[in-house]
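Undergrad: So the sequence lines, in the order shown, correspond to chains A and B.
Numbers in my numbering are just positions in the first sequence, counted from 1, shifted up by 6.
Numbers in my numbering are just positions in the second sequence, counted from 1, shifted up by 136.
Hints listed in this document are in silico derivations from the structure and should not be mistaken for laboratory results.
Note that the structure is predicted; figures quoted are calculated from it, not measured.
Don't take every hint at face value.
[What the hints assert, rightly or not] Computed, partial: chain B to chain A, Cβ under 10 Å:
#1 191
#2 323
#3 327
#4 367
#5 371
Glycine residues also receive a C-beta, built at the ideal position from the N, C-alpha and C atoms.
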Amino acid sequence: MGSALGLGITMIWFSLLVLIPLVAVLIAAADLGLAGFWDVVSSPQTAAALRLTVVQALGVTLLNVVMGTALAWVLVRDHFWGKRLLDVVIDVPFALPTIVAGLVLLSLYGPNSPLGVNVANTRAAVFLALAFVTLPFVVRTVQPVLETLERDTEEAAASLGASRFTTFRRVILPSLTPAIAAGAALSFARGISEYGSLVLLSGNLPGRTEVASVRVLTYIENGSKEAAAAVAAILLLVALLVIVALDVLQRRLARRGD
Amino acid sequence: MATSYASDPAPVRWGLRIVTVGYVFLLVAWPTALVFKNALANGFGAMFETFSDPEIAHAISLTLTITVWAVAINLVFGLTISILLVRYDFPGKRALSAMLDVPLAVSPVVVGLALVLVYNGRDGWFGPSLEEAGFQIIFSTPGMIMATVFVALPLMIREVVPVLEEIGDDQEQAARSLGANAVQAFRRITLPGIKWAVVYGVVLSLARSLGEFGAVKIVSGNISGQSQTATLSVEETYQNFQQQASYSIAALLAFAAMACLVVVAILRPKEQQE
Chain A
7 MGSALGLGIT
17 MIWFSLLVLI
27 PLVAVLIAAA
37 DLGLAGFWDV
47 VSSPQTAAAL
57 RLTVVQALGV
67 TLLNVVMGTA
77 LAWVLVRDHF
87 WGKRLLDVVI
97 DVPFALPTIV
107 AGLVLLSLYG
117 PNSPLGVNVA
127 NTRAAVFLAL
137 AFVTLPFVVR
147 TVQPVLETLE
157 RDTEEAAASL
167 GASRFTTFRR
177 VILPSLTPAI
187 AAGAALSFAR
197 GISEYGSLVL
207 LSGNLPGRTE
217 VASVRVLTYI
227 ENGSKEAAAA
237 VAAILLLVAL
247 LVIVALDVLQ
257 RRLARRGD
Chain B
137 MATSYASDPA
147 PVRWGLRIVT
157 VGYVFLLVAW
167 PTALVFKNAL
177 ANGFGAMFET
187 FSDPEIAHAI
197 SLTLTITVWA
207 VAINLVFGLT
217 ISILLVRYDF
227 PGKRALSAML
237 DVPLAVSPVV
247 VGLALVLVYN
257 GRDGWFGPSL
267 EEAGFQIIFS
277 TPGMIMATVF
287 VALPLMIREV
297 VPVLEEIGDD
307 QEQAARSLGA
317 NAVQAFRRIT
327 LPGIKWAVVY
337 GVVLSLARSL
347 GEFGAVKIVS
357 GNISGQSQTA
367 TLSVEETYQN
377 FQQQASYSIA
387 ALLAFAAMAC
397 LVVVAILRPK
407 EQQE
């Protein structure tokens, strides 16, 4: 009885907080009708924002696949002074408020850069901000898998004359692929939805450095909630797709672990 | 373990070390250190002076209020949902479990818009009737708390669920069969088992709640001295060329976030030893 009551209250709370509001976004977007929806997303400024968001998120995800896997490798297989510190620093982008992340990057790569590199208000700034906030995803999904990887097959491959590179490509990499894919999916989802870290850094120049989330906010500020909902619905659907993909991947990872 | 892994040839090992450490240093460590340096450029006194500005002091105290509420709500409901997911079967369980990850993947701006569409007092689904009954959600603290609860929702659940799954329910069942009621079994058996997971969940939710920006910006109205949180005042002060104020608040928030990280980093190994 107690559990039924708990379930009931929890479901009402979850519906009021999450489900109904998210459905409201989809319904507000659907209210525009197909033609209205298309008018919004194909308007030059919004289309440019969506294109920029997807391209930058894909680019950053690719970078994370390489750097994240390398970082996980170094954290698991290498031993050096300060490794534990490196391990903690990787989580800083998760913990830092996004607006602070923007300010953080601005202090090294902004107008007063001690390096003399100023990317503020350029597309490079968008890429930089996304690389910062998505850094931990691939590392944190690959690291645990690498830790539990059996050394036997690697040693067998090596004893049969495979080079280190061949062993990595043919033996290690296939076992890491589901974890890398899961990390890449998370990193892509975070990349297309990023807002806070870009506010101060990218300048939000229409058609140049304006991303999809900023478009949503501009529409809200101009009082057109339906147009905001159209762009938001696209972001929401991509997020849902990523979650479904992750669910499938996690099941595959769990099976491998058995 | 240390010796069995040291098989990469030295050039590869050093190459990877330099590239990865250099990457993290240039992307995270150095920029983060600079924020503290900029905040302290005019000394501790100048930094703390900004916090006594009435509008900034109000923003910080509003952030604290929202954080306390959001963490408390996520603690109660996070624990309840985790126990329901692990210990009970009900229709739609897998869908619920997947939906719980939505706040991690969706943009905070979408979260803000979603709440505005339902709870705004003018043309929202429930907003007008709630306002007639005397509850203002949007442009008011309850809406900001809701937005913060939404974005921090999965953190507690993701920590607690795996631990609950691992400890199983044998001991709880034994306690129940010896006459303990559900509350006693939870307090004496379940809670001690998931203690550390709950602590991490609280710390992670705390860090996330202190730092929420996009969703809160949309639901709050962002009025300085009234509905402006600490993160929102970082933006406003920076755009008003009040560099010292902006860097000071940012450093305070960054310090709080890193304190949370350090707490988790220190506590983690303890749990593994147990």
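Undergrad: Does each hint hold? Answer for all of them.
TA: Verification of the hints:
1. Interface restraint check for residue 191(B): the shortest CB-CB distance to chain A comes to about 17 Å, outside 10 Å, so the restraint is violated.
2. The beta carbon of residue 323(B) is not positioned within 10 Å of any beta carbon in chain A (closest approach about 14 Å), and the interface hint is therefore violated.
3. Taken as an interface hint, residue 327(B) does not check out: its beta carbon lies about 16 Å from the nearest beta carbon of chain A, beyond 10 Å.
4. For residue 367(B), the interface hint holds, the least distance from its beta-carbon to any beta-carbon of chain A being 5 Å, beneath 10 Å.
5. With a least beta-carbon distance of about 6 Å to chain A, the hint placing residue 371(B) at the interface is held under the 10 Å criterion.
The earlier numbered hints that this structure contradicts are 1, 2, 3.
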